[in-house]
Amino acid sequence: MDVIIKPTDPSEIDAIFALRRDPEVLLQQNRPSFLDTPKRFAKKLNGGPNLLGITFRCSSIYLNGVLVGHVLQHFGRGADGKHPTCECGWNLEKKHWGWGIMPEALRQLLDELFEQTPDLIVLASCFKSNLRSLGVIK
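Using the numbering used here, you'd call the opening residue of the sequence shown number 3 and step up by one each time.
No wet-lab data here; the hints were simulated from the structure.
Idealized CB from N, CA, C, for every residue including glycine.
A couple of the hints might just be wrong.
As the list claims (entries may be wrong) - Keeping only pairs whose Cα atoms sit at most 20 Å apart, straight-line, the calculated DMTMM-like set for lysine to aspartate or glutamate is:
#	residue 1	residue 2
1	LYS8	GLU89
2	LYS46	ASP11
3	LYS140	ASP113
4	LYS41	GLU14
5	LYS96	ASP24
6	LYS46	GLU14
7	LYS45	ASP16
8	LYS8	GLU106
9	LYS97	GLU26
10	LYS130	GLU26
11	LYS96	GLU106
12	LYS45	ASP11
Said to hold, decoys possible - Pairwise CB distance ranges, derived in the manner of DEER restraints:
#	residue 1	residue 2	range
13	ASN48	PRO86	17 to 23 Å
14	LEU37	LYS84	15 to 21 Å
15	GLN118	LEU54	19 to 25 Å
All chains should be modelled from the sequences, with the hints used to inform the complete structure.
Right under this line is the structure:
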């Protein structure tokens with residue numbers, strides 16, 4: 003199994019949006035806003051910090067050369083206003099759930115993030131009913 007995670011290319015945004023709106027995936031996440039469009043998403047990824055000082059990044063997950071998921075990252079400062087933080091959220095095509103793809107993708111991503119910012123605080127959460135994501139978080 004060849005899992006690769008890389009920065010999302012603008013050409014992948016439509017596929018990521020289709021995944022984020024998949025009915026099976028929606029059962030496991032907060033519903034995206036109807037205002038959230040591929041164009042706005044691309045603008046958010048290419049823009050600087052928002053009014054709260056948060057910047058956004060998306061990484062695409064490939065399995066054997068095929069896009070199967072993504073990890074969104076929100077970068078900012080912790081509650082103390084000092085420590086760098088990154089909140090992560092992810093989606094994966096349902097047919098690949100339970101294969102160990104997400105733990106491997108997150109391992110690669112976290113290795114990269116901690117290499118860039120050793121004191122980074124990483125956060126993630128999920129619905130209590132999302133046992134697979136809960137397992138990944140633990």
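Task: Agreement of LYS41 and GLU14 with the hint, judged by alpha carbon distance not exceeding 20 Å - done: 12 Å, holds
Open item on the list: Please verify whether LYS8 and GLU106 have alpha carbons no more than 20 Å apart.
Closed with: 13 Å, holds
Open item on the list: Against the 20 Å threshold, does the CA-CA distance of LYS46 and GLU14 hold or violate the hint?
Closed with: 15 Å, holds
Task: 20 Å limit on alpha-carbon distance, applied to hinted pair LYS46 and ASP11 - done: 13 Å, holds
Task: Restraint check for LYS130 with GLU26, where alpha carbons must lie at most 20 Å apart - done: Within the cut-off at roughly 16 Å; holds.
TODO: Starting from LYS97, check that the Cα of GLU26 is at most 20 Å away, please.
DONE: 10 Å, holds
TODO: For the pair supplied as a hint, LYS96 and GLU106, confirm whether the alpha-carbon distance does not exceed 20 Å.
DONE: 16 Å, holds
- [ ] Please work out if LYS8 and GLU89 have their alpha carbons no farther apart than 20 Å.
- [x] 17 Å, holds
Open item on the list: Is 17 to 23 Å respected by the C-beta to C-beta distance linking ASN48 and PRO86?
Closed with: 21 Å, holds
Task: Given pair status - ASP11, LYS45, alpha carbons within 20 Å - done: 12 Å, holds
Task: 20 Å Cα cutoff - pair LYS45, ASP16 - done: 13 Å, holds
Open item on the list: Check whether the Cα positions of LYS96 and ASP24 lie no farther apart than 20 Å.
Closed with: 9 Å, holds
Checked against the numbered hints above, the structure breaks only hint 14 and satisfies the rest.
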